[in-house]
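Q: Whenever a hint applies, use it, and build me the whole structure from the sequences.
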Amino acid sequence: MQAKLGLFILLVPTIGFTKPIPSFSSPAFRQLVEESYGHTGQKGSWQSFSDQMNKRLKTATIRLGQMFLQLLEKI
Amino acid sequence: MTKQKGDKTGSILWICANLHQAVKKSLPTFTLDRGFEFSNAAIRGERQCLLQSVWIASLLRELKVDAGIAMVWKNDKGQVSNMGHVCAVAALPNGQRVVVDCSDPQPFIEHRGLFMSVEGAGYRFVEPSYKHGIMVSAKDLKTDKVISSDRLKTLDESYVRSQFSFYRGERAPGGFMGKPPTKAGLAASEKLFRLSMGQNPNNPLSTWLLSLTLGKQGKLQEAKVFKDQARNLYEKFGWIPPSLK
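Chains as they are written, first to last, in the numbering used here: chain F, 1 to 75; chain X, 1001 to 1245.
Incorrect hints may appear among the rest.
As the list claims (entries may be wrong) - Short derived list, chain X residues pointing at chain F, Cβ under 10 Å: (1) Val1023; (2) Arg1034; (3) Phe1036; (4) Ser1039; (5) Ser1081; (6) Val1160; (7) Phe1164; (8) Lys1245.
As the list claims (entries may be wrong) - In silico lysine-lysine, BS3-like type, Cα no more than 30 Å apart, as pairs: (9) Lys1008/X <-> Lys55/F; (10) Lys58/F <-> Lys1008/X; (11) Lys58/F <-> Lys1025/X; (12) Lys1139/X <-> Lys1236/X; (13) Lys1227/X <-> Lys1142/X; (14) Lys1216/X <-> Lys1236/X; (15) Lys58/F <-> Lys1064/X; (16) Lys55/F <-> Lys1139/X; (17) Lys1216/X <-> Lys43/F.
As the list claims (entries may be wrong) - Coverage of chain F stretches by chain X, computed from C-beta distances (three or more under 8 Å per stretch; other residues unrestricted): (18) 30-41; (19) 50-59.
Source of the hints: derived by calculation from the structure; they are not laboratory data. Note that the Cβ used here is the ideal one computed from N, Cα and C, for glycine as well.
A: Below is the structure:
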């Protein structure tokens, strides 16, 4: 259990989208996000996007942390 | 869904199913008018088919699952549209594919017509075949040949980017979808469709809607040029929508 907790702590910053998500390579995804803020004229940045989306995911799915723990065991 | 230790396919399906719910819950508002903007997703919790598919694919990639998006031209009920929908597609270890669609209550769906890339051939309209919800093969409509699912690739970065510009053009206030459209709105749509085509000249939908927008502006000669261009693209990729025949 202690090992699991350690993994979870390690996972939070990694899975927590504090770094660019390597979808379609990370710079490309970051570019998509920045273009969106540019087009809408809304205040924001890659960092604020990451923070807000991370919060949304965590709020919506409390068990997300548990889910990723289980994921590590399965893959 | 049952999972067994070491069962990678089962694990990926399980991840997809969980992320499907997580994305739906974290972005609760579906709106065609604004849901394609990542800024609106973060600030307002909005989504639409392209954004939710790109988002779930990006999360899957974060988890080292090969995933991307495909355009849908025939849905699971057999209804045909001119690529009116977008879904996420994830690869399974055995080369099979699974379609994940956050517009549906169930995570996995059997869309019957997709626009994807075929390895060694480029963009193609395909008709997938499924076994128990998993895509095992697809008919390439250009060649009429059945290909294995491992040759199906999701749409590339430039296409994804051009598709965001497409939706901005389609939904520009007073633009192509405007009721009524305005001169400024149509000009904005035209600009964004041209931007979309600049980002990917092989996006048939942007080319076709640019033609229709030019038509609405009374630029009939230019509209005809882009209509022909769009038709050629659809034909090249294997399927022509009824509206262009």
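Q: Work down the list of hints and note, for each, if the structure agrees.
A: Checked hints:
no.: 1; hint: Val1023; result: holds, 8 Å
no.: 2; hint: Arg1034; result: holds, 8 Å
no.: 3; hint: Phe1036; result: holds, 8 Å
no.: 4; hint: Ser1039; result: holds, 4 Å
no.: 5; hint: Ser1081; result: violated, 24 Å
no.: 6; hint: Val1160; result: holds, 6 Å
no.: 7; hint: Phe1164; result: holds, 6 Å
no.: 8; hint: Lys1245; result: violated, 33 Å
no.: 9; hint: Lys1008/X <-> Lys55/F; result: holds, 29 Å
no.: 10; hint: Lys58/F <-> Lys1008/X; result: holds, 25 Å
no.: 11; hint: Lys58/F <-> Lys1025/X; result: holds, 10 Å
no.: 12; hint: Lys1139/X <-> Lys1236/X; result: holds, 15 Å
no.: 13; hint: Lys1227/X <-> Lys1142/X; result: holds, 20 Å
no.: 14; hint: Lys1216/X <-> Lys1236/X; result: holds, 26 Å
no.: 15; hint: Lys58/F <-> Lys1064/X; result: holds, 20 Å
no.: 16; hint: Lys55/F <-> Lys1139/X; result: violated, 42 Å
no.: 17; hint: Lys1216/X <-> Lys43/F; result: violated, 34 Å
no.: 18; hint: 30-41; result: holds (count 8)
no.: 19; hint: 50-59; result: holds (count 5)
Of the hints listed earlier, those the structure fails to meet are numbers 5, 8, 16 and 17, in rising order.
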